[in-house]
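Trainee: The task is simple: from the sequences and hints, build the whole structure.
Here is how the chains run, residue by residue.
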Amino acid sequence: MTYIKPKFAHPRLPKNELGFTRKEYEGSLSTLCAGCGHDSISAAIVDACFEMNIEPHRVAKMSGIGCSSKTPAYFLSNSHGFNSVHGRMPSVTTGANLANRSMIYLGVSGDGDTASIGMGQFAHVVRRNLNMTYIVMNNGCYGLTKGQDSATADYGSVNKTGNMNSFEGIDLCALAIELGATFVAQSFSGDKGQLIPIIKAALSHSGFALINVVSPCVTFNNNQGSTKSYDYVREHNETLSSLDFVPVKEEILTDYDHTKVTMVEMHDGSMIKLNKLSPEWNPEDKLSIMTALHKAREKHEILTGLLYIDNQSTELNELLNTTSVPLNQLTEKELCPGSAILEEICRGLR
Amino acid sequence: MQPTDYNNPEYYHKVVDCQYACPAHTPVPQYIRLIAAGKYTEAYMVNWESNVFPGILGRTCDRPCEPACRRGRVEEEPVAICRLKRVAADNKEDISHLLPDIPKVKNGKKIALIGAGPASLSVARDLAPLGYELHIYDNQNKGGGMMRSQIPSFRLPAEVLDQEVNYILEMDVVTHFNTYVTSLKDILNKQYDAVFVGTGAPRGKDLILPGREEGKSNIHIGIDWLASVAFEHTHKIGRRVIVLGGGNTAMDCCRTSRRLGGTDVKVIVRSPFAEMKASPWEKEDAQHEDIPIIDNHVPKSYVIDNGKLTGMYFEKVKAEYIDGRRKLVPTGEADVFYPADDVIIAIGQENKFEWIEKDLGIQFNEWDMPVVNEITFSSTRQNVFFGGDAALGPKNVITAVAQGHQAAISIDAYCQGQDINVRPAPDVKLFSTKMGIHEWSYDNDITTDIRYIVPQADKAVTLSDRKKEVELGYDMQTAFREAQRCLNCDVQTVFTENKCIECDACMDICPTSCITFTMNDEEEALRMKLLVPAINKTQDLLVSDTLKTGKVMVKDEDMCLHCGLCAERCPTAAWDMKQFLYNTAKAGHLCYA
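Chains as they are written, first to last, in our numbering: chain A, 21 to 370; chain B, 624 to 1216.
If you're looking for bench data, these hints aren't it; they were derived computationally from the structure.
Possibly wrong hints are sitting among the right ones.
[Said to hold, decoys possible] Below are the BS3-like pairs computed for lysine-lysine, each with C-alpha atoms no more than 30 Å apart in a straight line: (1) K889(B) x K941(B); (2) K296(A) x K1171(B); (3) K1174(B) x K180(A); (4) K906(B) x K859(B); (5) K27(A) x K1160(B); (6) K280(A) x K1174(B); (7) K25(A) x K1160(B); (8) K296(A) x K839(B); (9) K732(B) x K43(A); (10) K637(B) x K25(A); (11) K1201(B) x K765(B); (12) K732(B) x K765(B); (13) K166(A) x K1122(B); (14) K1171(B) x K319(A); (15) K25(A) x K1152(B); (16) K27(A) x K662(B); (17) K166(A) x K1057(B); (18) K296(A) x K1152(B); (19) K180(A) x K1057(B); (20) K839(B) x K280(A); (21) K306(A) x K319(A); (22) K906(B) x K813(B); (23) K25(A) x K1201(B); (24) K180(A) x K166(A); (25) K1122(B) x K180(A); (26) K1091(B) x K1122(B); (27) K1018(B) x K808(B); (28) K353(A) x K306(A).
Mentor: This is the structure we're talking about:
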């Protein structure tokens, strides 16, 4: 009997520009249920970071409590991490980000951690446009406590015990757009082809990036009648946009159909090539996406892809004009610049 | 690509690289697991059923299994399959009660076996339990053939050889030893129902160069000289010895010379070192006994002084490759002289069929080899069969055994009036090893240990005693550790399409990135689309039928560790780890293990 991942890797495993293979971006062996959607999302994060040549030590993995919040143990084991209190990941991340803005902040949360106990924190981190990627592993149930309906369970969804949910589900994407999020995407754990470029784009985005990922709970919410099962999501998935992430160094083809393709330049110079599958929708227009989300809800569709982007926004550190040097690197010289400077400040306030 | 046909046992057979590469298709992982469990007797019987000579082969096999071993691709060195086999043989208990019963009342059919080497003995082993009356002829005074005359005792002790030869001879086999068969017609006239020719390749090639005739008392043919040593006719050799040739016989000759008084023994070979025919480990063993191997030297002449051999001249060459064909081109340097008291020629061996009359209906081809069916091993005369080196040219013991099994099937079918071209199917079993959520009936925890070295006896002792076995074999503890290196490739990853929900868990967890879910394509394109492109085309792809999303599951068998994590992470048991047992059919479908 074992539950140990063998140390051998494929001898011809591809390497990225840093000379790392995917192995260097993996974590411990998952203890989640076999077939959990969360594991696929972890694998997508591994792929995205590998392909973007991110140095693992530059990433801070932030999480709260829940099945989803366990996953930072299962990816990027060479990165920093903070497993915080239930629903409090946003404030811990805010603190960390203000103290050191040179890191890449990757928050991982679940539907309970975000839409129930952490709802207040979520709302504020969105409106402050904190520079982070916030991934919600959304399975519509409390898997860790045996599958009770969560706040994101859709109205009418039937859980494993056969009971129908009689409350409206919270639409995290619509809510985030309403609260001023500057990058909002929705995806499905079972579609890595879509999810990986979205994660890459989110990591390149300057400001708050929400990715709501429908992630089936194989143990408690993969039954018939559930709206977050593998089968249901595959049948009702309505792809709004497919997206190619174009890294900084690659040349961008100028010859494309502007009615179908939108090129979005990211803060770091990389580009997103967005193939629009719906002509009415404009990724930079809030109204069009809110309409599309409401229409999709009426039709029992799950809109996936990049839903909304504002790449002209100002993230929190810029807004507050905080120091670009991490606080732990500031010395007494910078922190106590002397009486002359103090005098100057005081004069400015008179 | 078309979905893989899981019902064809050859698919899974090919996944078990070692077993597939073995001419006799011995179920290697099965016996390695038994060794790890300390069940040496059971491990021995698995071998004995398949390869007839586990103790002998565990010391002398050419090991086609080891270069094929998946561990050699995943890590660097293959599992020491051959020497683990020896562990089973060394530690087995008495097996006499496990041997097949030999009918007292025979079935009325008489078979002659010409030559008492591994091919004939394998035929005898398979046919004796079926009640055949077997007559074996050999010019030597004991059974074993080239295993006795050509393999030196320091590699294969006589007791080991005798024991395994006697298991067979004691099956009521009638022996005609010290009998050199000079006429097949005479044998056929003795009213045998069938004759099996397993006479090997008994003629060593000579090298005729200036001085060959004058120096003949000190110039020896390798296999004849080895036989003469084995039968105690030759006890010493000169101090300075040159061995010509780069095969395993050359290695046996030089090492034997070291034990018979040769203190300055050299192997001199035409080809570059890396292309010598000898197994790498045999070259190492020779070098370990202070025998230099001088490559790229083509023999020019024997030098005779006063009617006595004093050495040889060689031309220095280098290998050039034109369109993949090797050419040895002279370097232009002066010829080199190497002094020698004796020269042993070990440059290959040939068949010898003067004793087969040309009017018996047995056709010979342009190379004077009998025309033999490569599946049935029948000749063009319906009651005469061939096997071993006599059939398709010199190979090795394990090939002779495999051919012996096939010939026995044919002889049995022929004697029972059946069509010998209808070959019996292998005995195949496929059963789940699942015992619990993370529990399997095989040990799927893969060690990272590197290959263990087989300890050798002190060189001072082995070089002074020709019969002292050099290799000591693994002790039980080391054998266990080495056995744990086996990846259990016979525990197959079996996929059931209609259970798969395409959650990607198996793809994400696979430590060697073997599994990919993607859109189907032609094989070439599909191979390149996988997580790690499947460039090793000798390894198959396991391709599922189309799944719900329109994708297929593709697994590259190349680097699979058979660790079972795909099955452990599968929520719907679409993957299962199933043990696959494959035994080639033997005559009369007998099963001993």
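Trainee: Provide an ascending list of the numbers of those earlier hints which the structure does not satisfy.
Mentor: The structure breaks hints 8, 9, 11, 20, 22, 26 and 28; every other hint is satisfied.
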